[in-house]
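**Student:** So you can see what is in the structure, the chains are spelled out below.
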Amino acid sequence: MISIQGLTKHFGTQTAVDHLTLEVPPGMIVGLLGPNGAGKTTTLKMITGMLQPDAGTALICGVNVVTQPLEAKRLMGFVPDSGAVYESLTGLEFLLMIGALYGIHEDVARPRIRQFLDFFELDEQTLTSKLLGAYSKGMRRKVVITAALLHTPKVVLLDEPLDGLDANAAVGFKALLETLAREGKTIVYSSHVLDVVERVCDRVAIMAQGKLVVEGTPADLQHEHGADTLEQLFTRLTGLSGLEARAESFAKNLLS
Amino acid sequence: MSTAVVPPPDKVLCALFWKLLFRGRVAQQMGAQKTGRQIGLGITLLIYALIGNIPTAFAVNADSFVFASVLHGFTFSFASLTLASNAGTMLFMKEEAEILLHRPVTPHQMLRAKCAVLAGFALLLALALNLAGLIAGLFTKGATWRFIPAHLLSMALLMLFSAASIVLVYNACLKWFGRERFDNLLASLQSLLAILMILSGQIMPRMLGLDTFKHLENGGVWLLALPPVWFGALDALIGGTSFNSSTLWPPAALGLLATGLTSWLALEKLGSAYGQGLMNLNESSGTVKDSKKPRGRWLDALVKLPPLSWWLRDPVERHAFKLTAAYLMRDREVKLRLYPGIAPMLIMPIFMTFTGGRGGKSAFDATTMLQGFATCFLGMVPMQAMMFLGCSEHWRASAFFHTAPLPHWTPLFHGSRKAVLACLTFPVLILQTAILCGMQRSPAPLTLSLPAVLFLPAFSLVTGVIQQWLPLSKPSEEVKNTASGCLMMAGTMAAAGIVGGLASWMWHIGYFWPFLVIEAVVMFGASFLMKHLMRDTPWVAMKE
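Here the protein sequences come in this chain order: A and B. Going by my numbering, the letters in the first sequence line up with residues 1 to 256, in that order. Going by my numbering, the letters in the second sequence line up with residues 1001 to 1544, in that order.
Chain A on its own, in the form it takes in the complex (with noise of 0.2 Å):
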């Protein structure tokens, strides 16, 4: 469903990513983890069309982002972690302008809409009155999130979505990720949140550097590098060991 084959980006003397390689097979969902700086952002970027790689391919369903960029734009769905709207339109104003970019006339992106709003519990009143610069954080990431699926996408990808949803709605979200790759959707979801990625992802992809260090199942991984954590796995491959010692250290230091 997701095929990346050598994806490389270069900001300057800066390599972001690096020959990237990765597979990610039709309903599964991945977790693209990796500290800051690790490129999975901008992987994402590549992936969505947004960012143009120096070198490799990526191909959404078999369609080359890159020299068919249109078709693969319309079979996926993308939530950025800036959870970036149009704040002068209101929250239906951004969706149904967002639906006529796919294609959906109105009368079907109405009904589609109040079924998100039923499931993420957001008013209806709030949709139609109210600008999207006058929305909580939690409202906005709603709204982004139901701009990413109104158009049922085959592949979502998705970077820090849970970013500002408060318990319930995350929770709520997980299981509705996991109902869409049983459906046969893709799934790559990007973040910081470990035991989230562990709860959800079938498998994972641990980004440093630019590059692909591991990918597999978080089980498979655990076993294979003697962790008894993803946290761990995660703390070991990327480098960032002692980091229990150096907190406590600086936290004598400031209270002394």
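Calculated directly from the structure, the hints in this document are not laboratory data. One thing to keep in mind: the hints can contain errors.
Claimed, not checked - Using 35 Å as the maximum straight-line C-alpha spacing, the simulated DSBU-like pairs for lysine-lysine come out as follows: (1) A:Lys-174 - B:Lys-1094; (2) B:Lys-1322 - A:Lys-211; (3) A:Lys-130 - B:Lys-1011; (4) B:Lys-1474 - A:Lys-130; (5) B:Lys-1094 - B:Lys-1322; (6) A:Lys-137 - B:Lys-1474; (7) B:Lys-1269 - A:Lys-137; (8) A:Lys-137 - B:Lys-1322; (9) B:Lys-1011 - A:Lys-137; (10) B:Lys-1094 - A:Lys-130; (11) B:Lys-1019 - A:Lys-154; (12) B:Lys-1322 - A:Lys-252; (13) B:Lys-1019 - A:Lys-137; (14) A:Lys-130 - B:Lys-1175; (15) B:Lys-1175 - B:Lys-1531; (16) A:Lys-154 - B:Lys-1011; (17) A:Lys-154 - B:Lys-1531; (18) A:Lys-211 - B:Lys-1175.
Unchecked claim - Restraint ranges, calculated between C-beta atoms of paired labels, are given here: (19) A:Gln-52 - B:Pro-1306: 47 to 57 Å; (20) A:Leu-255 - B:Ala-1520: 52 to 62 Å; (21) A:Leu-254 - B:Pro-1427: 41 to 51 Å.
From the three backbone atoms N, C-alpha and C, an ideal C-beta is built for every residue, glycine too.
Guided by the hints, dock chain B onto chain A, whose structure is given.
**Tutor:** For chain B alone, coordinates are given in the frame of chain A:
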């Protein structure tokens, strides 16, 4: 997917950008918001319609070609100026890449839609500006009833040319400059465009004088460099003129050619750079500029030195000063909105000097009159700056002001106000006075700038009297709420005009120094009163 007819993406994008251009988010209730916006737009159109009466004075005894060129000159400067100040923020919204670039729309489609909306907006302003001129044009030499459709057509072409030129300049810079330099370049470009449009649109025809148009018939090919002349020639060819039509064909053809070529270059040839530019802007949003040197050291040193250290004794004021100064120098949004708005205020009086000298007035009269005029414009600088600096895309960070144990908001206001005075208003005054002294070859402008030195600090207090003012504390869109903004600016300009006019008159009749003493007393009293009023305005909690 639905089989029902869905508007094509181009139309959806046009509707989106049109809505974004006209809508702010002052109120949380959309109904109230829409009303505010319509009043704001209505006032803007009314002001444009009133300004449009000025060129009708040229209609008497003028040929239709000359009159149409003057009208286009006005349109080019005023409508295009508004266009230039809106274009940067519309074309390069920082987060837009993350909203639209992963959707099934191409950067070309986005650019075309934005250009169409910009041209449409400019056309709306141009229509208001040309309303009186359209009627007056019927009474010019050689004009027939066809003058009206001809002028409407040429006006539409002129606005398309303006919008395409602006987009072309931005796209060319995107293509040829890296992302690190583009952000800063954008603000400079917008200011430069604003100045250029004033120069080529209004000031140049003024400098030339109406008789100069007759040179076109005598081979004055340099006139062909002026876009208003191209479109004026088109008017004359369709609507009738007393000029020899063979001399008008070259400028008219040049106008059509320039419009077509500029549009093609902006939208098609260089349009491919647009998507990359949006993405670059998004990528650089958090990092700004990769520098290893510590920032703001000179500002730190400056506020510790007299006279700033005496002026900024309150630590909260000092930090608000530093915050505002940093935003004035570093923030892309402030630079994009503020400097293009202020550039014409600096440039207009200077070019008025240039043109005024030809009017046959004595040097003395010209200087004093000009100084009064310059004063009107300078009065708006602190007002406009404070209006812009009250809003920012980082407005949510103002929560820190609300959570900090501050007894009142006024130290934050005064710190920012002093930054506006020290970093912007007084440097503009000094620069303008120095240029005027040089141009007049007289120290008189230096003395005549003293009334401004006295009233500018007082004027900078006005925004704090109206309501609680915190730096960078409101969403950026609120600055677009032109209804209150227009009224405040008009009031300020009138007050500054009165002071400037009185100063000029007092200079003329020999009572300048006593006037200055009286002005000092009045301004000191007004400042004291305004500060007192501010102290009585309590903290208002954040709305969200």
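**Student:** All the hints need checking, so say for each whether the structure fits it.
**Tutor:** Here's how the hints hold up against the structure:
| no. | hint | result |
| --- | --- | --- |
| 1 | A:Lys-174 - B:Lys-1094 | holds, 30 Å |
| 2 | B:Lys-1322 - A:Lys-211 | violated, 41 Å |
| 3 | A:Lys-130 - B:Lys-1011 | holds, 24 Å |
| 4 | B:Lys-1474 - A:Lys-130 | holds, 17 Å |
| 5 | B:Lys-1094 - B:Lys-1322 | holds, 25 Å |
| 6 | A:Lys-137 - B:Lys-1474 | holds, 17 Å |
| 7 | B:Lys-1269 - A:Lys-137 | violated, 40 Å |
| 8 | A:Lys-137 - B:Lys-1322 | holds, 29 Å |
| 9 | B:Lys-1011 - A:Lys-137 | holds, 30 Å |
| 10 | B:Lys-1094 - A:Lys-130 | holds, 23 Å |
| 11 | B:Lys-1019 - A:Lys-154 | holds, 31 Å |
| 12 | B:Lys-1322 - A:Lys-252 | holds, 33 Å |
| 13 | B:Lys-1019 - A:Lys-137 | holds, 23 Å |
| 14 | A:Lys-130 - B:Lys-1175 | violated, 39 Å |
| 15 | B:Lys-1175 - B:Lys-1531 | violated, 50 Å |
| 16 | A:Lys-154 - B:Lys-1011 | holds, 26 Å |
| 17 | A:Lys-154 - B:Lys-1531 | violated, 62 Å |
| 18 | A:Lys-211 - B:Lys-1175 | holds, 30 Å |
| 19 | A:Gln-52 - B:Pro-1306: 47 to 57 Å | holds, 54 Å |
| 20 | A:Leu-255 - B:Ala-1520: 52 to 62 Å | holds, 56 Å |
| 21 | A:Leu-254 - B:Pro-1427: 41 to 51 Å | holds, 43 Å |
The structure is inconsistent with the numbered hints 2, 7, 14, 15, 17, although it conforms to all the rest.
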